[in-house]
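J.: All chains, please: the whole structure from these sequences, using the hints.
Now for the letters of each chain:
Number of protein chains: 2
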Amino acid sequence: MTALNHRIAHATVTVTAERTPLAHQRVVVAQRSHAFRFGNIGFELIEFANGELSGTAVEHAQRLTEHWFGVFNFATLPFYWDRFEPVPGQPDTRRLRQAARWFTERGAGVKGHPLAWHTLAPAWLLELDNAQIAKAQVKRITRDVSDFAGLIDVWDAINEVVIMPVFDKYDNGPTRVCREIGRVPMVRMVFDAARAANPRATLLLNDFDMSVAYESLIEGVLEADIAVDALGLQSHMHQGYWGEEKTLATLDRFARYGLPIHFTETTLVSGHLMPPEIVDLNDYQIPHWASTPEGEARQADEMVRHYRTLVGHPSVEAITYWGLADGAGAWLGAPVGFLRADGTPKPSYEALHALVKSSLDGA
Amino acid sequence: MTALNHRIAHATVTVTAERTPLAHQRVVVAQRSHAFRFGNIGFELIEFANGELSGTAVEHAQRLTEHWFGVFNFATLPFYWDRFEPVPGQPDTRRLRQAARWFTERGAGVKGHPLAWHTLAPAWLLELDNAQIAKAQVKRITRDVSDFAGLIDVWDAINEVVIMPVFDKYDNGPTRVCREIGRVPMVRMVFDAARAANPRATLLLNDFDMSVAYESLIEGVLEADIAVDALGLQSHMHQGYWGEEKTLATLDRFARYGLPIHFTETTLVSGHLMPPEIVDLNDYQIPHWASTPEGEARQADEMVRHYRTLVGHPSVEAITYWGLADGAGAWLGAPVGFLRADGTPKPSYEALHALVKSSLDGA
Numbered sequence: 001m002t003a004l005n006h007r008i009a010h011a012t013v014t015v016t017a018e019r020t021p022l023a024h025q026r027v028v029v030a031q032r033s034h035a036f037r038f039g040n041i042g043f044e045l046i047e048f049a050n051g052e053l054s055g056t057a058v059e060h061a062q063r064l065t066e067h068w069f070g071v072f073n074f075a076t077l078p079f080y081w082d083r084f085e086p087v088p089g090q091p092d093t094r095r096l097r098q099a100a101r102w103f104t105e106r107g108a109g110v111k112g113h114p115l116a117w118h119t120l121a122p123a124w125l126l127e128l129d130n131a132q133i134a135k136a137q138v139k140r141i142t143r144d145v146s147d148f149a150g151l152i153d154v155w156d157a158i159n160e161v162v163i164m165p166v167f168d169k170y171d172n173g174p175t176r177v178c179r180e181i182g183r184v185p186m187v188r189m190v191f192d193a194a195r196a197a198n199p200r201a202t203l204l205l206n207d208f209d210m211s212v213a214y215e216s217l218i219e220g221v222l223e224a225d226i227a228v229d230a231l232g233l234q235s236h237m238h239q240g241y242w243g244e245e246k247t248l249a250t251l252d253r254f255a256r257y258g259l260p261i262h263f264t265e266t267t268l269v270s271g272h273l274m275p276p277e278i279v280d281l282n283d284y285q286i287p288h289w290a291s292t293p294e295g296e297a298r299q300a301d302e303m304v305r306h307y308r309t310l311v312g313h314p315s316v317e318a319i320t321y322w323g324l325a326d327g328a329g330a331w332l333g334a335p336v337g338f339l340r341a342d343g344t345p346k347p348s349y350e351a352l353h354a355l356v357k358s359s360l361d362g363a
Numbered sequence: 001m002t003a004l005n006h007r008i009a010h011a012t013v014t015v016t017a018e019r020t021p022l023a024h025q026r027v028v029v030a031q032r033s034h035a036f037r038f039g040n041i042g043f044e045l046i047e048f049a050n051g052e053l054s055g056t057a058v059e060h061a062q063r064l065t066e067h068w069f070g071v072f073n074f075a076t077l078p079f080y081w082d083r084f085e086p087v088p089g090q091p092d093t094r095r096l097r098q099a100a101r102w103f104t105e106r107g108a109g110v111k112g113h114p115l116a117w118h119t120l121a122p123a124w125l126l127e128l129d130n131a132q133i134a135k136a137q138v139k140r141i142t143r144d145v146s147d148f149a150g151l152i153d154v155w156d157a158i159n160e161v162v163i164m165p166v167f168d169k170y171d172n173g174p175t176r177v178c179r180e181i182g183r184v185p186m187v188r189m190v191f192d193a194a195r196a197a198n199p200r201a202t203l204l205l206n207d208f209d210m211s212v213a214y215e216s217l218i219e220g221v222l223e224a225d226i227a228v229d230a231l232g233l234q235s236h237m238h239q240g241y242w243g244e245e246k247t248l249a250t251l252d253r254f255a256r257y258g259l260p261i262h263f264t265e266t267t268l269v270s271g272h273l274m275p276p277e278i279v280d281l282n283d284y285q286i287p288h289w290a291s292t293p294e295g296e297a298r299q300a301d302e303m304v305r306h307y308r309t310l311v312g313h314p315s316v317e318a319i320t321y322w323g324l325a326d327g328a329g330a331w332l333g334a335p336v337g338f339l340r341a342d343g344t345p346k347p348s349y350e351a352l353h354a355l356v357k358s359s360l361d362g363a
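Each protein sequence line maps, in turn, to chains A and B. Every letter in the first sequence is one number past the one before it in the working numbering, and letter 116, counting from 1, is 116. Every letter in the second sequence is one number past the one before it in the working numbering, and letter 160, counting from 1, is 160.
Hints are computed from structural coordinates only; laboratory data are not their basis. Hints may contain errors.
The calculated DSBU-like cross-link candidates involving lysine-lysine, where the alpha carbons are at most 35 Å apart (straight line), are [stated by the list, open to error]: (1) B/Lys135 - B/Lys169; (2) A/Lys169 - A/Lys139; (3) B/Lys246 - A/Lys246; (4) A/Lys169 - B/Lys135; (5) A/Lys135 - A/Lys169; (6) B/Lys169 - A/Lys246; (7) B/Lys246 - B/Lys135; (8) A/Lys246 - A/Lys169; (9) B/Lys139 - B/Lys169.
Residues from chain A shown here face chain B by an in silico Cβ test under 7 Å; the list is partial [said to hold, decoys possible]: (10) Gln25; (11) Val28; (12) Ile181; (13) Gly182; (14) Arg183; (15) Val184; (16) Gly220; (17) Ala224; (18) Asp225; (19) Ala227.
A few chain B residues that don't get close to chain A, going by computed Cβ distances all over 12 Å [as the list claims (entries may be wrong)]: (20) Phe36; (21) Ser54; (22) Leu64; (23) Phe69; (24) Leu151; (25) Asp153; (26) Pro185; (27) Arg195; (28) Arg200; (29) Asp209; (30) Ser211; (31) Ser216; (32) Asn282.
Bear in mind the structure is a predicted one, so any value in this text is a computation, not a measurement. A virtual CB, placed ideally from N, CA and C, is assigned to each residue, including glycine.
T.: And the structure:
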């Protein structure tokens with residue numbers, strides 16, 4: 001597989017008792033965890049973490065929990081503004097804090113997603129003028145980044161800025177502001193607010209647009225001296241696995257900015273593929289999207305190739321898979337999970353588990 | 001048609017003789033020219049302007065000249081670096097100065113195209129390191145913009161920066177530099193050199209990419225305080241007329257930066273259309289692309305609609321059509337001219353002539 005030398009460090013360890021080196025003793029050296037962030041969303045476990053479930057739902061959640069921590073060490077929690085604060089001034093802070101604490105207590109890092117995005121922005125913004133919307137956006141960021149500092153120190157600060165000012169599916173506050181002030185000032189506003197609220201935070205620019213448009217945005221943002229800590233590259237692959245060549249070419253294009261890369265929102269389906277002519281994945285709505293045996297075998301194979309490729313690239317420091325189990329919560333109802341809707345593991349889970357928990361370099 | 005109020009100004013004129021107003025005299029008021037720049041390339045007339053033709057070629061060029069000045073008032077001249085300076089230090093300045101003078105003496109403004117571009121960059125750049133290439137680029141700009149100041153005060157300063165650093169069809173100097181330093185610094189380098197050489201110059205950013213990528217580039221450039229005087233929007237329509245809706249939507253997206261727009265490199269074919277699956281138009285190479293009666297009728301109709309749409313938009317201050325006559329010199333051999341290869345006018349010529357030379361508002 002791809003050389004993993006960039007993931008390996010040498011260390012000389014002296015085992016002591018009362019400060020005296022121990023000779024002729026058996027020592028067990030075992031890997032406990034990874035510096036690499038194997039992430040997944042934690043959306044499905046928020047209710048469980050808050051003790052809101054009962055009966056069989058608890059057992060199901062316990063199975064999910066076991067599988068989640070069986071492979072992953074980095075949780076993304078949802079801060080979609082209209083759901084987080086449906087009524088102005090009444091944010092869902094308590095439940096999200098409990099969920100974040102629940103993950104951190106079990107050893108996982110947590111990322112918040114997102115602080116600013118044109119999708120899932122609250123409708124109540126539409127009653128404000130642009131200056132007021134911008135003010136509400138900054139206030140929301142300041143509040144939430146402060147409230148979670150120490151518990152969540154990684155944020156997808158702003159999502160999909162490339163399309164933000166020209167997004168025309170429906171009217172929304174962030175698009176109005178971004179169209180008026182421009183992308184770079186919008187990014188600056190969001191980053192400045194988040195940085196001030198938590199100077200230790202790792203702040204990401206995150207986008208699904210892998211074209212020269214995202215490059216151009218990044219270059220404008222960096223040239224404006226906005227300190228981006230990492231770049232998020234979304235990679236929903238409902239229309240098929242990108243393959244190693246495209247993945248590496250994409251990584252190389254974005255790695256040239258010298259920033260760490262989070263491969264975010266990555267998914268591989270274990271059923272039929274979405275037809276290639278669909279441009280906006282949201283346009284593909286079908287009543288049931290089944291996970292199939294052939295699809296699961298393909299998914300497992302591609303998952304191993306995908307993770308080997310990403311971990312093999314020196315710029316990638318995190319992968320955030322977008323879903324643990326199939327089911328009602330999955331975006332577009334797509335069977336992208338590592339578990340089936342009933343909670344049983346697909347071959348992809350077993351494959352990734354072996355890869356992550358044995359040794360990634362195959363030794 | 002679209003209201004042309006933004007093209008019309010009212011003036012009170014007093015006709016005097018020896019400073020005394022003349023009463024009861026007949027006065028002829030006629031439009032002599034347009035403030036609007038109806039542009040076309042002047043590539044085909046450079047040899048003629050330099051007295052390099054003889055025999056029937058002279059007669060052909062005279063016909064082209066007559067037709068060119070019958071409609072157009074703004075010439076684009078070629079400064080493709082590898083043709084302009086095939087041997088380092090031996091630029092084709094004299095011939096281009098003569099051509100520029102020839103156009104200006106006949107009342108046309110002149111634009112130079114382009115000062116920096118990854119295509120048609122000289123091969124001799126490849127022997128230099130990146131710092132040397134950048135230095136050669138600046139030197140070339142300083143020299144040429146200075147040499148032509150007063151004669152050419154409008155420049156497509158940099159062409160197709162969106163794709164410049166990732167252009168991978170062949171190795172070239174500007175791509176190497178742009179990939180290393182980034183798009184915004186590349187634009188700054190070119191604009192700074194051109195501005196210093198001719199502070200009165202109108203400097204354009206010009207691109208064929210009408211997507212959010214060009215928007216993102218522009219926003220980064222403007223945020224970096226690089227003074228762009230006008231935006232060039234390329235519009236080769238070999239795959240079909242955009243139509244009013246797309247044209248206006250595109251104009252509105254780029255008009256929001258408050259800069260004048262030059263609709264550059266615009267073309268409409270009078271033959272069959274290039275198949276829609278072609279992504280890079282350069283990939284479509286056929287031995288002969290005929291102008292047909294049906295195609296010419298369609299081209300004339302679309303030409304009128306296209307010019308009415310553009311002149312009707314308040315941000316557009318120039319249209320640069322990309323070719324006068326069909327023939328060997330036409331890009332891709334496409335029949336995009338207003339004249340056939342034999343120099344006879346197509347219906348599109350008559351239609352545009354009527355539009356430009358009668359009155360654009362139909363009065």
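J.: Taking the hints in turn, state whether each one holds.
T.: Now for the hints, and whether the structure bears them out:
1. The straight-line distance between the Cα atoms of B/Lys135 and B/Lys169 is roughly 24 Å, inside the 35 Å bound, and the hint therefore holds.
2. Taken as a hint, the A/Lys169 and A/Lys139 pair is honoured in the structure, with Cα atoms around 26 Å apart against an allowance of 35 Å.
3. Taking the CA atoms of B/Lys246 and A/Lys246, the gap is near 31 Å; set against the 35 Å cutoff, the hint holds.
4. As the CA atoms of A/Lys169 and B/Lys135 are separated by approximately 46 Å, the hinted pair breaks the 35 Å bound.
5. Of the supplied pair hints, the one linking A/Lys135 and A/Lys169 holds, its CA atoms being roughly 24 Å apart against a limit of 35 Å.
6. With a C-alpha separation of about 17 Å, the suggested pairing of B/Lys169 with A/Lys246 holds against the 35 Å cut-off.
7. For the given pair, B/Lys246 sits about 40 Å from B/Lys135 by alpha-carbon distance, which is inconsistent with the 35 Å threshold.
8. Among the hinted pairs, A/Lys246 with A/Lys169 is consistent with the structure: their alpha-carbon atoms are about 29 Å apart, no more than 35 Å.
9. For the proposed pair B/Lys139 and B/Lys169, the alpha carbon gap of about 26 Å is at most 35 Å, so the pair holds.
10. The interface hint given for A/Gln25 is broken, as the beta carbon of that residue sits about 54 Å from the closest beta carbon of chain B, more than 7 Å.
11. About 49 Å separates the beta-carbon of A/Val28 from the nearest beta-carbon of chain B, more than 7 Å, and the hint is not met.
12. Checking A/Ile181 against chain B: minimum C-beta separation of about 10 Å lies over 7 Å; hint violated.
13. The criterion of a C-beta within 7 Å of any C-beta in chain B is met by A/Gly182, whose closest approach is roughly 5 Å, and the hint holds.
14. Annotation: A/Arg183 was flagged as interfacial toward chain B, and the flag holds, the nearest CB pair being 5 Å apart, inside 7 Å.
15. Taken as an interface hint, A/Val184 checks out: its beta carbon lies about 4 Å from the nearest beta carbon of chain B, inside 7 Å.
16. The interface hint given for A/Gly220 is met, as the beta carbon of that residue sits about 2 Å from the closest beta carbon of chain B, less than 7 Å.
17. At its closest, the beta carbon of A/Ala224 sits 5 Å from a beta carbon of chain B; the interface hint therefore holds under the 7 Å criterion.
18. The beta carbon of A/Asp225 comes no nearer than 10 Å to any beta carbon in chain B, farther than 7 Å, and the hint placing it at the interface is violated.
19. A distance limit of 7 Å between C-beta atoms decides the matter here; for A/Ala227 the minimum to chain B is near 15 Å, and the interface restraint is violated.
20. Interface exclusion of B/Phe36 from chain A stands, the closest Cβ pair being 28 Å apart, more than 12 Å.
21. For B/Ser54, the shortest C-beta to C-beta distance to chain A comes to about 47 Å, beyond the 12 Å cut-off, and the non-interface label holds.
22. Distance check for B/Leu64 against chain A: the nearest CB is about 38 Å away, which clears 12 Å, and the non-interface claim stands.
23. With a least beta-carbon separation of about 39 Å from chain A, B/Phe69 lies farther than 12 Å from that chain, consistent with its non-interface assignment.
24. Separation of B/Leu151 from chain A is adequate, the least Cβ-Cβ distance of about 34 Å exceeding the 12 Å criterion.
25. Residue-level check passed: B/Asp153 sits 28 Å from the nearest beta carbon of chain A, beyond 12 Å.
26. Separation of B/Pro185 from chain A is inadequate, the least Cβ-Cβ distance of about 7 Å not exceeding the 12 Å criterion.
27. Interface exclusion of B/Arg195 from chain A stands, the closest Cβ pair being 18 Å apart, more than 12 Å.
28. The Cβ of B/Arg200 lies farther than 12 Å from every Cβ of chain A, with a closest approach of about 27 Å, so its non-interface assignment holds.
29. The claim that B/Asp209 lies off the interface is violated: its Cβ sits roughly 7 Å from the closest Cβ of chain A, which falls inside the 12 Å cut-off.
30. With a cut of 12 Å on Cβ distances, B/Ser211 falls inside the contact zone with chain A, its closest approach being about 6 Å.
31. Non-interface call for B/Ser216 relative to chain A: violated, since the shortest CB-CB distance, roughly 4 Å, does not exceed 12 Å.
32. The claim that B/Asn282 lies off the interface holds: its Cβ sits roughly 17 Å from the closest Cβ of chain A, which is beyond the 12 Å cut-off.
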